[in-house]
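**Student:** Protein chains in written order, with the working numbering: chain A, 31 to 152; chain B, 31 to 152; chain C, 31 to 152.
Mixed in with the good hints there might be a few duds.
Each pair may be met inside one copy or between any two copies, as identical chains are not told apart.
[Stated by the list, open to error] Quick list of in silico lysine to any residue cross-link-like pairs, SDA-like style, CA-CA up to 20 Å:
{"#": "1", "residue 1": "46", "residue 2": "69"}
{"#": "2", "residue 1": "74", "residue 2": "110"}
{"#": "3", "residue 1": "73", "residue 2": "99"}
{"#": "4", "residue 1": "37", "residue 2": "128"}
{"#": "5", "residue 1": "73", "residue 2": "137"}
{"#": "6", "residue 1": "82", "residue 2": "33"}
Treat the hints as calculated values from the structure; they're not laboratory data.
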Amino acid sequence: MHDLTAKVQSAVKKSKVTTGFAHVFAVGSTAGIGAIEFEPGLKKDLPEVLSKLIPPGRQYGHEQTWHDGNAHSHLQATLLGPDLTIPIRDSELVAGTWQQVVHVDFDNRPRQRQVIVTVYGE
Amino acid sequence: MHDLTAKVQSAVKKSKVTTGFAHVFAVGSTAGIGAIEFEPGLKKDLPEVLSKLIPPGRQYGHEQTWHDGNAHSHLQATLLGPDLTIPIRDSELVAGTWQQVVHVDFDNRPRQRQVIVTVYGE
Amino acid sequence: MHDLTAKVQSAVKKSKVTTGFAHVFAVGSTAGIGAIEFEPGLKKDLPEVLSKLIPPGRQYGHEQTWHDGNAHSHLQATLLGPDLTIPIRDSELVAGTWQQVVHVDFDNRPRQRQVIVTVYGE
């Protein structure tokens with residue numbers, strides 16, 4: 031799990047947008063974007079909770095075709111979702127002090143990842 | 031759980047936007063925004079279902095650091111997500127008759143909450 | 031589950047927007063929009079996983095009022111969410127090769143469904 035907040039805030043600053051929103055999108059079907067307090071406890075808890083809800087295993091239809099061991103990664107990513115939109119006011123992201131924008135990689139092998147940030151407004 | 035639909039619709043009217051969308055964002059890491067039929071049954075069911083999936087407890091990493099009893103609140107909020115975007119056509123939100131925009135507070139103590147509505151379009 | 035990707039891409043082309051985003055919204059409280067690899071395995075897995083997390087049944091408050099057997103449909107739809115926003119660059123949706131935009135109908139009877147696509151940008 032990676033904290034993207036500073037990078038998104040930096041894109042907001044560069045854009046000169048004062049009122050609007052920033053849209054963050056994880057390219058790829060085994061990663062997602064979430065809002066969470068970025069601290070070591072929750073950084074461990076979120077993947078654990080999702081793996082309890084949707085455990086790794088061979089029981090998935092996806093595995094029977096692809097045998098790559100990451101059906102749960104796809105399903106966890108869909109449940110979290112790939113996108114998040116955060117409002118901008120006075121050239122700043124308006125989010126809680128303990129509310130960070132994070133990228134969560136659910137895959138079972140290291141991947142190079144792309145995240146697209148779009149800033150929109152006036 | 032609070033129904034925000036009338037307030038969002040009112041922001042749409044004030045904005046004079048006829049075609050576009052309204053973005054609703056819950057500030058804070060223990061609340062979320064969802065779309066659901068706002069009726070007493072589901073108002074009870076949604077928090078119950080989320081507390082069954084992610085129960086309160088001391089087993090979370092977050093608890094071991096912060097001991098504030100709301101790790102499940104953070105995780106439930108992340109799963110629901112803090113944002114929702116609804117299309118606007120003919121100056122009206124386009125959502126189902128039984129599809130309301132709701133704020134759900136997952137925290138274990140009363141909180142003052144801020145919700146940001148951004149209307150965008152033409 | 032239906033793959034909407036080609037239809038959304040077609041709306042992007044028609045709009046002449048080169049940089050911006052496409053917003054996809056499922057009207058109605060028992061359907062949702064998700065991002066997933068659209069292949070037969072996951073097409074079966076996603077509804078199964080959600081029905082394991084939130085099973086059909088008579089235990090819901092919604093059922094005690096409405097008796098229409100679809101409380102779980104409402105709750106599954108809320109968990110997946112009704113909306114998704116995908117970035118546009120060079121007049122194309124920027125999503126992974128295996129990352130499709132899908133409409134998932136959770137209801138227990140056939141429904142006519144409406145999906146609203148809004149393309150925004152420059």
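**Student:** Of all the hints given earlier, name the ones this structure violates by number, lowest first.
**Tutor:** Hints 1 and 6 contradicted; others consistent.
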